[in-house]
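Chains A and F, in that order, are what the protein sequence lines are. Position 228 (the first sequence) corresponds to 228 in the numbering used here; numbering is contiguous. Position 199 (the second sequence) corresponds to 199 in the numbering used here; numbering is contiguous.
Simulated from the structure, these hints should not be mistaken for lab results. One thing to keep in mind: the hints can contain errors.
[As the list claims (entries may be wrong)] Only pairs whose alpha carbons sit at most 20 angstroms apart, straight line, appear in this in silico PhoX-like list of lysine-lysine:
id : chain 1 : residue 1 : chain 2 : residue 2
1  : A       : Lys77     : F       : Lys141
2  : A       : Lys69     : F       : Lys215
3  : F       : Lys54     : A       : Lys109
4  : A       : Lys212    : A       : Lys11
5  : F       : Lys64     : A       : Lys72
6  : A       : Lys232    : A       : Lys212
7  : A       : Lys115    : A       : Lys183
8  : A       : Lys105    : A       : Lys128
9  : F       : Lys10     : A       : Lys53
[What the hints assert, rightly or not] Short, incomplete list of chain A residues facing chain F, as computed with Cβ under 7 angstroms:
id : residue
10 : Asn49
11 : Leu51
12 : Thr55
13 : Gln75
14 : Gly76
15 : Phe82
16 : Gln86
17 : Phe88
18 : Asn90
19 : Ile102
20 : Met107
21 : Ser137
22 : Gly138
[Stated by the list, open to error] From chain A, some residues computed to sit far from chain F (all C-beta separations above 12 angstroms):
id : residue
23 : Ser56
24 : Met91
25 : Thr149
Cβ coordinates follow ideal geometry from the N, Cα and C atoms, glycine included.
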Amino acid sequence: MVYQIKDLVKKFGDNVVLNHINLEIKENEKIVIIGPSGGGKSTFLRCLNLLEKPTSGQIIYHGQELTEKTYKAIQGKIGMVFQNFQLFDNMTVIENITLAPILNKIMSKDEAYKKARSYLKQIHLEDKEKSYPADLSGGQRQRVAIIRTLIMEPSVILFDEPTSALDPEMIGEVLSLMMEVSKQNITMIVVTHELKFAYDYSTRVLFMDQGKIVEDGDKESVFKHPKTERLKQFLDNMK
Amino acid sequence: MSDLVETFYKTFIYEDRYLYFLEGLKYTLIIAFFAILLGITLGVLVGVVRDYHKQTGRLWLLSKIADIYVYVIRGTPTLLQLMILYYVVFRTSSLSPVIVGILTFGINSGAYVAEIFRAGFEGIDKGQREACKSLGLNYFKTMRYVIFPQSLAKIFPALGNEMITLVKETSIAGYVGIVELIKAADIISSRTYDYFFPLIVSAIVYLCLTFILSKVMKFGERKLNHGLSN
């Protein structure tokens, strides 16, 4: 079991954003979370690596409750891909990718560079290793950001609307890299409005609305046989 | 015309009076240089302590002390700070006035530099810290490799301003008997009863100093902004 989420509540002031969520996530699941804006998807995702501190409830990761202290010990095993890439603008592409493995002494500098180069080759950006993020397109930046996460050999990657900030013609290249990643033994939890990834590669779809998980099932049942009126409406609106 | 030549001669040549200016320039440079170093060191330390507290909730006491330091320094005139340090704090010590000057201007500048860094740190997208956290980087690695370098590039112009202000502010060091540029000009004027040359020359020297400083900062800014053009 990767995650056991027990009675998770998150409030911002009086505003209840996550309302008593219970969920179990198994090894190697490819979960897509869909739902209307403001339904709590991103907040939920950000609780899973403590970017948001839960108001109450427990998040158990590989049998151990996630706290600031236990999270530190995990060192990058819960990767995250952000909507706005969050590459480090002061570093070149290869410095971005190798920073964490080198500083956390997971690899030697040579190893990290070697590995980063082989990743860059896979995504056809080997000639960009000395470029700065400012010189890359949005799609290229996001792919580098995904590589930066992969090099840490994460057990989980959280994707927070990874294609929302991209021009339409760049969404494809990011999605196809995500699909490559999904073939690996990595648990993926993806918040997205991009239903193509959900249709093609997800093993499980969650529909969140008003701070609750309203539907939870495989893509067949969620997309083809929605049980609730809210999900039906949501899917109609997405078409 | 011959009057002008005469005064010029009296001001600079007679009794080797130009040496006063050189002496004054020397102390202005010494005080400004070391005060800038002290100011930046203090400013970075105070800025990081306050940021560390803000991010982690730890070091409460130190961060409060830092707040008070910045508040007091910014709320009182530099001249008063100089006089308090010279006539009260170090009254009985044998510390040379130049050292007291360096301490005053350095401590004073540190508070402003700390505020500049605070603005710099706060100006960085919080997603950058989140990315660092998700990669397993702790506070100090995040600060050292991501937040600090990006902030530095952004605040460099403000830092340059602060240094220029400091260089000019050293002119009040004459109050505690340090012969810096303005004091040197004053000494010569009191002998020649002419203010024109000493004051104009002082002004030109200050202009040269701040011109060089701003050129150096411009150069540094260009270096730092490499890759940060967006």
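Those earlier numbered hints the structure runs against, lowest number first = 2, 3, 5, 8, 9, 12, 19, 20, 21, 22, 24 and 25
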